[in-house]
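Asker: Just need the whole structure built from these sequences, with the hints factored in.
In order, the protein sequence lines correspond to chains W and L. Residue numbers in the first sequence follow UniProt numbering, run continuously in steps of one, and reach 285 at the last position. Residue numbers in the second sequence follow UniProt numbering, run continuously in steps of one, and reach 251 at the last position.
The hints are simulated quantities; they were obtained by calculation from the structure and are not laboratory data. There's no promise every hint is true.
In silico EDC-like links for lysine to aspartate or glutamate, alpha-carbon gap of 16 Å or less [to be verified]:
no. : chain 1 : residue 1 : chain 2 : residue 2
1   : L       : K49       : W       : E170
2   : L       : K84       : W       : E169
3   : L       : K127      : L       : E179
4   : L       : K191      : L       : E161
5   : W       : K60       : W       : D124
6   : L       : K84       : W       : E170
7   : L       : K107      : L       : E161
8   : L       : K49       : W       : E86
9   : L       : K107      : L       : D118
10  : L       : K120      : L       : E132
11  : L       : K191      : L       : D118
12  : L       : K61       : L       : E124
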Amino acid sequence: MIEMILHYGFMQRALAAGVIIGVVSPIVGLFLVVRRLSLIADALAHVTLSGVAAGLLLQKQFPAFQALNPMVSGMVFSLTASVFVERLRRLYRSYQELAIPVILSGGIGLGVVLISAADGFNVDVAGYLFGSILAVGESELWVIIGTGVLAGLVICFFYKELFALSFDEESAVLSGIPRRLVHLLFSLVVALVITASIRVVGILLVSGLITLPVAASLQIATSFRQALWLSVLFAQISVLSGLAAAFYFDWASGGTIVLVSVLILLAVAGGKRLIRPGSGKTGAA
Amino acid sequence: MGETVLKMEGIDFSFDHQTVLEGVDLEIQKGDFLALVGPNGSGKSTLLKLALGALKPDRGKVSLFGVPLRRFRDWSRIGYVSQKANSFNRDFPATVREVVASGLYGKLGLFRRMKKEDWKRVEEAIKQVGLESLSRRNIGKLSGGQQQRAFIARALVSDPEFLILDEPTVGVDTRSVDEFYRLLAHLHRKKGMSLLLVTHDIGVVTTYVNRIACLNRRLFFHGDTDEFVGREKEVFTAAYGHPVQVVEHAH
Ligand SMILES: Nc1ncnc2c1ncn2[C@@H]1O[C@H](COP(=O)(O)OP(=O)(O)OP(=O)(O)O)[C@@H](O)[C@H]1O
Ligand SMILES: [Mg+2]
Numbered sequence: 001m002i003e004m005i006l007h008y009g010f011m012q013r014a015l016a017a018g019v020i021i022g023v024v025s026p027i028v029g030l031f032l033v034v035r036r037l038s039l040i041a042d043a044l045a046h047v048t049l050s051g052v053a054a055g056l057l058l059q060k061q062f063p064a065f066q067a068l069n070p071m072v073s074g075m076v077f078s079l080t081a082s083v084f085v086e087r088l089r090r091l092y093r094s095y096q097e098l099a100i101p102v103i104l105s106g107g108i109g110l111g112v113v114l115i116s117a118a119d120g121f122n123v124d125v126a127g128y129l130f131g132s133i134l135a136v137g138e139s140e141l142w143v144i145i146g147t148g149v150l151a152g153l154v155i156c157f158f159y160k161e162l163f164a165l166s167f168d169e170e171s172a173v174l175s176g177i178p179r180r181l182v183h184l185l186f187s188l189v190v191a192l193v194i195t196a197s198i199r200v201v202g203i204l205l206v207s208g209l210i211t212l213p214v215a216a217s218l219q220i221a222t223s224f225r226q227a228l229w230l231s232v233l234f235a236q237i238s239v240l241s242g243l244a245a246a247f248y249f250d251w252a253s254g255g256t257i258v259l260v261s262v263l264i265l266l267a268v269a270g271g272k273r274l275i276r277p278g279s280g281k282t283g284a285a
Numbered sequence: 001m002g003e004t005v006l007k008m009e010g011i012d013f014s015f016d017h018q019t020v021l022e023g024v025d026l027e028i029q030k031g032d033f034l035a036l037v038g039p040n041g042s043g044k045s046t047l048l049k050l051a052l053g054a055l056k057p058d059r060g061k062v063s064l065f066g067v068p069l070r071r072f073r074d075w076s077r078i079g080y081v082s083q084k085a086n087s088f089n090r091d092f093p094a095t096v097r098e099v100v101a102s103g104l105y106g107k108l109g110l111f112r113r114m115k116k117e118d119w120k121r122v123e124e125a126i127k128q129v130g131l132e133s134l135s136r137r138n139i140g141k142l143s144g145g146q147q148q149r150a151f152i153a154r155a156l157v158s159d160p161e162f163l164i165l166d167e168p169t170v171g172v173d174t175r176s177v178d179e180f181y182r183l184l185a186h187l188h189r190k191k192g193m194s195l196l197l198v199t200h201d202i203g204v205v206t207t208y209v210n211r212i213a214c215l216n217r218r219l220f221f222h223g224d225t226d227e228f229v230g231r232e233k234e235v236f237t238a239a240y241g242h243p244v245q246v247v248e249h250a251h
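Answerer: Now the structure itself:
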């Protein structure tokens, strides 16, 4: 059966894209969540929208840009924004999350203006908003593979620095870890991963794929390594379910992926309470 | 006379025009165990941050191991436990081992992974603070005193020559406090480590340290413990603005 599915070129591309995104998004997400920055994913996704709109507009107005993939212009926009997030964060020491709505609403505003200025595109903007894993094209798959390799390299090589900075930034810096360099590289990776994920889950749901598997893993992980592997495992289950749902039932892949992630989160949280009653994090003291 | 571990000369510092430190000179020789005391808000933590280069003085010079701070790179020779170490995210997914290991990362440098012998050092540091039975537990699930010890292990794992501790015994029960000071005394005497300890336990600490500095914006005392013990009333009245009850621990 699997052979039959893989007979289709679009299925091969969808599977490859899904597996790659299902590895890198939750890993990047884990580092964002533990630093309480998970909303950055949302902000950058919305900036990507304006980048995609800018790309489409260029295509429409200037024939020279026919070959430009809007994902590339989306990537350029979110890379630029990710650098600004770091800047803005430093501007407000105790309101670091303030950077997020600034970038998010700026991105949406620009995106909407560009779309209206173009007076309609002949491509489906909804495909970017909600994602469609079965529509991943060849050039897009290459962008996703490149992103996966780059993200993998940065996370492997800077794993210990990223961990130390996430747990206790002050001590990490004083022990000689180059904060700026590591943060800069990481924010660039975040921007790349988000843009690459958009094809799979869509702009509106990217932050779900980045944070939900992590949220589930945090319920049960004692160590950072465990949290890492569990969130990748949960993300893979979600992405593959989304792919299957899209293939067999023609359901929206992005929506299915996020719904399965929510179900996993509920199951993990529920299972934890069943096994160890009273050990849940209820919040109220 | 041995090597000078830390030398601060004529340090002035202010936060947004509010003067916090004025003309502070502090010196720590190799093998010294110095207690830095002073009332809340007297600038103790600020002075440590200046010593570590996390803040820049308005005036004055800082050098570590004889090297001007600007050019100092050997951060692994120094261990630091911040006053805020205990205010980390309690739901952070990390074990004691992982947190202690992160104390080695700066020393290892970029692109080098943890090797077997590095993990052995991590286990040793954990053993030194008596947490070996909890090394694979989640750090957020430990008691406040146990967490504090984990942070000390993180500072010790890179085998520093100079250890800086900012009020490490806050929230630690009396028995553990005594145990903790014995650990510091051991590091000082047996390992020849130099220590700088910020504390409010003035009574206890005079039995362990050989140098005392008393700070309140400027230094009111900086010298040997023996000399201090005779003059403590007068020094404290000057620095705190009122006499201070020195509580001795029953041993
Ligand atoms: N980040 C900051 N911004 C502005 N002022 C600050 C800052 N940190 C400290 N201060 C001020 O500097 C002064 C010295 O603070 P510091 O933390 O060094 O005191 P401390 O001696 O460590 O006190 P404690 O015993 O309470 O820890 C205080 O008046 C404080 O209000
Ligand atoms: Mg302090």
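Asker: Each hint should be assessed against the structure and marked as holding or not.
Answerer: Right, here's what the structure says about each hint:
1. L/K49 x W/E170: Roughly 10 Å between the alpha carbons, so the hint for L/K49 and W/E170 holds.
2. L/K84 x W/E169: With Cα atoms ~11 Å apart, L/K84 and W/E169 stay inside 16 Å; holds.
3. L/K127 x L/E179: holds, 14 Å
4. L/K191 x L/E161: With Cα atoms ~9 Å apart, L/K191 and L/E161 stay inside 16 Å; holds.
5. W/K60 x W/D124: holds, 14 Å
6. L/K84 x W/E170: holds, 9 Å
7. L/K107 x L/E161: holds, 13 Å
8. L/K49 x W/E86: The hint is violated at about 23 Å.
9. L/K107 x L/D118: At roughly 11 Å apart (the allowed maximum being 16 Å), L/D118 and L/K107 satisfy the hint.
10. L/K120 x L/E132: holds, 12 Å
11. L/K191 x L/D118: At roughly 20 Å apart (the allowed maximum being 16 Å), L/D118 and L/K191 break the hint.
12. L/K61 x L/E124: With Cα atoms ~36 Å apart, L/K61 and L/E124 exceed 16 Å; violated.
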